[in-house]
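Those protein sequences? They're chains A and B, same order as listed.
Each residue of the first sequence is one higher than the last, beginning at 420 in my numbering.
Each residue of the second sequence is one higher than the last, beginning at 420 in my numbering.
Simulated from the structure, these hints should not be mistaken for laboratory data.
Among the hints, erroneous ones may be present.
It does not matter which identical chain is used: a pair holds within one copy or between any two.
[As the list claims (entries may be wrong)] Straight-line distance between alpha carbons at most 27 angstroms, and here's what the computed DSS-like set of lysine-lysine pairs gives:
hint: 1; residue 1: K427; residue 2: K459
hint: 2; residue 1: K591; residue 2: K470
hint: 3; residue 1: K441; residue 2: K470
hint: 4; residue 1: K470; residue 2: K427
hint: 5; residue 1: K491; residue 2: K515
hint: 6; residue 1: K600; residue 2: K559
hint: 7; residue 1: K427; residue 2: K559
hint: 8; residue 1: K470; residue 2: K459
hint: 9; residue 1: K459; residue 2: K491
hint: 10; residue 1: K559; residue 2: K605
hint: 11; residue 1: K605; residue 2: K427
hint: 12; residue 1: K600; residue 2: K491
hint: 13; residue 1: K515; residue 2: K591
hint: 14; residue 1: K491; residue 2: K559
hint: 15; residue 1: K591; residue 2: K441
hint: 16; residue 1: K515; residue 2: K600
hint: 17; residue 1: K605; residue 2: K470
hint: 18; residue 1: K491; residue 2: K591
Here is what each chain is made of, one letter per residue.
Protein chains: 2
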Amino acid sequence: MPRKSDAKMRMIETAAILFRAKGYHAVGLAEILAESGAPKGSFYHHFPEGKEQLAGAVIESSGAYILHLIDKSFVDAVNPYQAVEAFVDAIVETFKRSDFQLGCPVTSFIIEMTPANEAIRSQIENVLESWVQRMLFHTKCFEATRTTSLETAFRMQLAAIEGAWLIARANKSVEPILMTKQLFPKMFDIKN
Amino acid sequence: MPRKSDAKMRMIETAAILFRAKGYHAVGLAEILAESGAPKGSFYHHFPEGKEQLAGAVIESSGAYILHLIDKSFVDAVNPYQAVEAFVDAIVETFKRSDFQLGCPVTSFIIEMTPANEAIRSQIENVLESWVQRMLFHTKCFEATRTTSLETAFRMQLAAIEGAWLIARANKSVEPILMTKQLFPKMFDIKN
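Just chain A, same shape as in the assembly (with noise of 0.2 angstroms):
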C-alpha cells in the first residue's frame, strides 16, 4: 500500500508533466486526478487550497529537478565549458525522448501566471535565481578573480537555454538547444 506521501508526489509529478506539455490552464484537475489516480479527497487533503497551491508545488519540485541536472552537470566536468556542454545535453535527452513535448518547467507558470499572481511570480523568480546560483556554486574555486564574468556567461546561458526551448518546441528540433553550447565558450573566454 503506498504511502500518504507517494500519492501526493505522483500528483505533482503528473501534474508536472501535464503542465509542460500542454500549459497550465488546459489542464483540469480531472485530468490530473485520472491521470495520477488519486481520489479527489486525497487532492483537496494534500492541496486545500486547489489547483494554484498544487502549481507551486510544482513549481518547487521543478526548481530541484533543474538544481539536479545542474548537479549532475558539474559534478564529472573538469572546467565550467564541459559541465555547461554536460547541461545542455541532459536538457536535449529529456526533451528529444519527450518527443519535444516536454518544455522547460517553470515557463507555462510564467506566461500563464506572472505577473498577475505574486506569490507564484517571486517564487519563480527565486528558483531562476537558485540555478544561476548553483552554477555559480560549482565553479567558486575557479577562476575566482573572474566572478562577474563567470555570472554574466551563466545567466547568459541559461537566458538563451530557457528561449532555444521554447523555438525547439515550435520547431520540433533539438538543434536551437544544441546551438547554446557556442554561447558560453565566447562569453566567458579564459584568454580575453
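Guided by the hints, dock chain B onto chain A, whose structure is given.
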C-alpha cells in the same frame, strides 16, 4: 463609421494584447469581444473557425510587429552591433511601458498550442525564422564572408532575448533583457 476591416484589426490587436498578458487559454471570446467592442456576429464573420483562427491571425500580426522592430533597429544602425542594441532597447521600452505584462507575442502560443497543433506550430516556426532572415537581410552588405558566424550570433541573440523576456517577466525587471546586449559582440567578434 469604422470599416469592416477596422473591426477585424481591432479584434486581432485586442486579442494579441490579452493573449500576451494572460496566455491563450485564460482569455475567452467574451473578454475579447468586450474589450474590442465587437459584436459576436462580426467575430464569426471574420473568424468562422473561431478562436483558433484568431490565434493564427494574431501570430501573423505578431510576426510582422517584431519584423517592424527589426527594420526600425537596422535602418539607422551603421553596424549589426548598433542594430542589436536598438532592437533590445525597443523591446525593453515596450515591455516597461506595459508594466512588465507583455512578453514576446508568440511565446504563449508555443507553450499552450505546440507541438500538438501542427498548423500553429509550423506557422510559429516560420515566424521565428523570418526574424533571423530579416536580420541577415539587413546585414547582407556587411562582412559577406562571415555569414555563418553572423547567422549563429543572430540566432543566439534571439534565443537569449526570448529567454530573457520570460525571466524579465518573472522578475518584473528589464535587467535580464538589457543584459543580452553583451551577447552579440561576444558571439560575433570582428577581430576573431
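Structure-based check of each hint:
no.	hint	in the structure
1	K427 with K459	within (12 angstroms within a copy, 43 angstroms between copies)
2	K591 with K470	between (29 angstroms within a copy, 24 angstroms between copies)
3	K441 with K470	both (15 angstroms within a copy, 17 angstroms between copies)
4	K470 with K427	within (13 angstroms within a copy, 36 angstroms between copies)
5	K491 with K515	within (19 angstroms within a copy, 37 angstroms between copies)
6	K600 with K559	both (21 angstroms within a copy, 26 angstroms between copies)
7	K427 with K559	neither (36 angstroms within a copy, 56 angstroms between copies)
8	K470 with K459	within (12 angstroms within a copy, 32 angstroms between copies)
9	K459 with K491	neither (36 angstroms within a copy, 54 angstroms between copies)
10	K559 with K605	both (20 angstroms within a copy, 23 angstroms between copies)
11	K605 with K427	neither (44 angstroms within a copy, 46 angstroms between copies)
12	K600 with K491	within (17 angstroms within a copy, 30 angstroms between copies)
13	K515 with K591	within (9 angstroms within a copy, 32 angstroms between copies)
14	K491 with K559	within (16 angstroms within a copy, 42 angstroms between copies)
15	K591 with K441	both (15 angstroms within a copy, 25 angstroms between copies)
16	K515 with K600	within (17 angstroms within a copy, 30 angstroms between copies)
17	K605 with K470	neither (42 angstroms within a copy, 43 angstroms between copies)
18	K491 with K591	within (26 angstroms within a copy, 30 angstroms between copies)
Checked against the numbered hints above, the structure breaks hints 7, 9, 11 and 17 and satisfies the rest.
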